[in-house]
Amino acid sequence: MTALAPPGEPRRIAYLYLLPGLVIFGAFVLAPLAHSAWLSLFSWDGVTPGAWTGLDNYQAIVSDPRLRAAFLHAFVLVGFYAVLPIAIGLLLAAAMARTRVRGLALFRTVLFLPQVIALVVVAVMWRMIYAPDGGLINEGLRAIGLGGLAQNWLGSFSLALPSVGLIGTWVMYGLAMVLFTAGVQKISPSLYDAARMDGAGPVREFFAVTLPGLRNEIAVALTLTTIQALRSFDLVYITTGGGPGDSTSVPAFEVYNRAFRGGDVGAASAIGVCIAALIFVLTLLINRIAEREAAR
Amino acid sequence: MIDRREQALTYLLLGVFSLIALVPIAGILLTALQAPGEVASFGAFNGVHLENFATAWDEGNFSQYLRSSVIVGVSVVVLSTLLSILAGYAFGMMRFRGDQALFYLFLLGLMVPLESTVVPLYYDLRDLGLTDTYAALIFPQVGVSVAFGTFWMRAFFRSVPRSLVEAARLDGSSSWSTLWRVVLPVGRPAVLTMMVLVFMWTWNEFLLALVMVSDESLRTAPLGLAFFSGRNTTDFALLAAGSVIVATPVVVLYVFLQRHFIRGMLSGAVKG
Amino acid sequence: MASVSFESVSKRFDAVEAVRELTLAAADGEFLVLVGPSGSGKTTALRMLAGLESVSEGEIRIGERVVNRVAPRARDIAMVFQDYALYPQMTVYDNLAFALRRRKTPKERIDEQVRRAAAALELDELLERKPGQLSGGQQQRVALGRALVRDPQVFLMDEPLSNLDAKLRVQTRGEIKRLQKEIGTTTVYVTHDQVEAMTMGDRIAVMNHGRLEQVGTPAELYDEPANVFVAGFVGSPGMSFVPAAALGLDLGVPGETIVGVRPEHARTWAEGDSLLGPLDGQAQYVEALGRETFIGVRHDDETRLVLCVEGRSAVQPGDSVTYGLVREGLRFFDPDSGHARRRVRSRPC
Chain A
1 MTALAPPGEP RRIAYLYLLP GLVIFGAFVL APLAHSAWLS LFSWDGVTPG AWTGLDNYQA
61 IVSDPRLRAA FLHAFVLVGF YAVLPIAIGL LLAAAMARTR VRGLALFRTV LFLPQVIALV
121 VVAVMWRMIY APDGGLINEG LRAIGLGGLA QNWLGSFSLA LPSVGLIGTW VMYGLAMVLF
181 TAGVQKISPS LYDAARMDGA GPVREFFAVT LPGLRNEIAV ALTLTTIQAL RSFDLVYITT
241 GGGPGDSTSV PAFEVYNRAF RGGDVGAASA IGVCIAALIF VLTLLINRIA EREAAR
Chain B
1001 MIDRREQALT YLLLGVFSLI ALVPIAGILL TALQAPGEVA SFGAFNGVHL ENFATAWDEG
1061 NFSQYLRSSV IVGVSVVVLS TLLSILAGYA FGMMRFRGDQ ALFYLFLLGL MVPLESTVVP
1121 LYYDLRDLGL TDTYAALIFP QVGVSVAFGT FWMRAFFRSV PRSLVEAARL DGSSSWSTLW
1181 RVVLPVGRPA VLTMMVLVFM WTWNEFLLAL VMVSDESLRT APLGLAFFSG RNTTDFALLA
1241 AGSVIVATPV VVLYVFLQRH FIRGMLSGAV KG
Chain C
2001 MASVSFESVS KRFDAVEAVR ELTLAAADGE FLVLVGPSGS GKTTALRMLA GLESVSEGEI
2061 RIGERVVNRV APRARDIAMV FQDYALYPQM TVYDNLAFAL RRRKTPKERI DEQVRRAAAA
2121 LELDELLERK PGQLSGGQQQ RVALGRALVR DPQVFLMDEP LSNLDAKLRV QTRGEIKRLQ
2181 KEIGTTTVYV THDQVEAMTM GDRIAVMNHG RLEQVGTPAE LYDEPANVFV AGFVGSPGMS
2241 FVPAAALGLD LGVPGETIVG VRPEHARTWA EGDSLLGPLD GQAQYVEALG RETFIGVRHD
2301 DETRLVLCVE GRSAVQPGDS VTYGLVREGL RFFDPDSGHA RRRVRSRPC
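Residue numbers (the numbering used here), protein chains in the order written: chain A, 1 to 296; chain B, 1001 to 1272; chain C, 2001 to 2349.
Chain A extracted, bound-state conformation:
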């Protein structure tokens, strides 16, 4: 601040206003993050003194197949939590582009409902839906004579992860739909008219007008859903506990597992730091791309 402040304008008192929030934020968010980074450089069981291991824990993330799998699974979940819901949302946006919808508020309320329910509740709910006996899906299949298709959804090595992923899709698609319906209504109809006059069909219209017009909404949706996918813990803990085997292990679950069940706090911290780093990088990337597209 090189300019002189007008007399009586609050300047230094700002620090006083900031102080309480900054203190708690620093003490309970920033300091632990730094501490996490510190702990990740050690091998520690939480009880006896730890040993310095440098970046070994991080190397393990790349070399240990189980940790690699966990991060891989996280990216698979990104497909279910982010890509699929956004695709669904865009489908709706494409259909809705030039129509007027009555009662949109009601639809919005219903569609958004899964977002406000605790994930533990969602997990319990869906565990019952996926239950091999008495579950909604299997009983439904049996009721229409397709009993042969009934599976142990959450207990199958190959189906468990997609099953969990679909729960995430169920939670997230409402967010995307609500975001995009709001965004699509802000697109000026004259853009569509111009496209029509240029002879564009519905597909062209979508790519030329709707998609660019929803750029910001897509960025927000992508950010929120991707972060949820990378942090995913509650769903996995309740539905599968990482199993069967390691087929649904995810980074956040590994953090919990290794720190509090496996006695390897250092490894857990490293994973935690990686989660934060991934979120940071992806958020930055998404916003950078959105800005670049906007500049075009």
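Because the hints were derived from the structure by calculation, they are not lab data. All clues stand as given, with none of them false.
Heads up, incomplete: computed chain A residues facing chain C, CB under 8 Å, no partners named:
#, residue
1, L4
2, A5
3, P6
4, P7
5, G8
Yeah, the Cβ is synthetic: ideal placement off N, Cα and C, and Gly gets one too.
With the hints as your guide, set chains B and C onto chain A.
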């Protein structure tokens, strides 16, 4: 031109996906109402039995779990709202050295999930003897909520016309009295949205409670449900009742204040 | 009551100089108007006087006191903002009482002063309403009332009428002026509207690009403009400017000198009217306003003039017009600096 086909398709999509969103929820309500002790079946309707709720409430200890969640939720909301208003006011209405850098710090904090800090938090609080206390649940969540809240309130304060603040300054109002008497009264909706979102996130928080709390009397609702479901894997009706109890407070709040929920989360809220 | 003065005051925003060495004073009880186009620095000058902007150089005094570093609340001033800046969640009463409450004035005094100000501005019926429930004109009066209640040494007004419709503006203009005369408080008033300035100000300060062009009474600015800018800014329709050589008249000034003619000093030719001329031109447009008619005339490719004719005129666009100029009405300006030249008087008035 409104294309009939596009309109029909739109309603179809909206209808189908709304249905898909509702079916599990309706299912769990129905399941909770099933006669206790029957063969487990999700979503089957066989009469209205409210005993499951009573059982969950008493024997399942959900009354205790709710109480815990209320204590933690209200505390986090009150504290983080106050701190966010103060910090957001400074960032939104004052110019001072380092304001850019400090704000980026808060922005950074927005992206740090609890999953990344819960481990050192546990060990630090354990060393202080603070695990298994409400404080262990409250303060970390206040920390995270303040990051969001500051960002949110700053956006509001920046939208207030400068002339209003200048008029107050000329009238002899200090920054404190300007905040509470002049500016904040205009921002009631924004503050309400923030409170509602923070309450929801706090109520729904699971991992923190799982790590910090081993004493059953302190369990928050989601944690209580997790243990409950571990003990009652086959009693769907009971499980469903417990689930409904846990989810209801936030859902009720949502039904009455949906505009706030939706508006808040759509404004790029990066916590979720 | 107090005088106000700017002494060589400058204000820089990063690289931009918003106000350049402004030296200006308002006497105790005077109604001084700062007028100029947008970007002229008039609002910045007012805000420095209010203490809402810091002063880069120079001194500002209220009374005898230098107030550069004095907080607004301690300057004993009150300001009316362009958007009124009324406290939206408070009643009109609370809006008026706000400043007095900040000063811990006793409740009875507050009530007395609020009601007195409300009465003066006919706000008595509206005291329990909120700003959102008031019309634009009523809001404006509340803004005035808020300033009145403070009983300050100086009133500052930042284009308070620009958000009102034309009729209300004219009416309120008169009311403000009348009120100020009654109370006698020094007032510094900013506007971009020169008609407002001319009708309201005891003295007017014309500003342009951060510089003070001229300060004087309305008559002085109108009759003796110091430069081309002031001459063209004041008056509506404005003064026409023509190079002396283009007129081909014996004016006693070098050919490049700029001649300024107000419409009322240029009229259609009539013998024996002791006009300078005759000059020939082509009518470009005709504005018949009932009481008078303005005719835009094209003298040659470079030169245009506006004539003023009483009542109606038969002239149509496209017609040839013969016209003459009133010698005493001409003003001369240096073509390079734009400054006024001393007039060559051919005979005493």
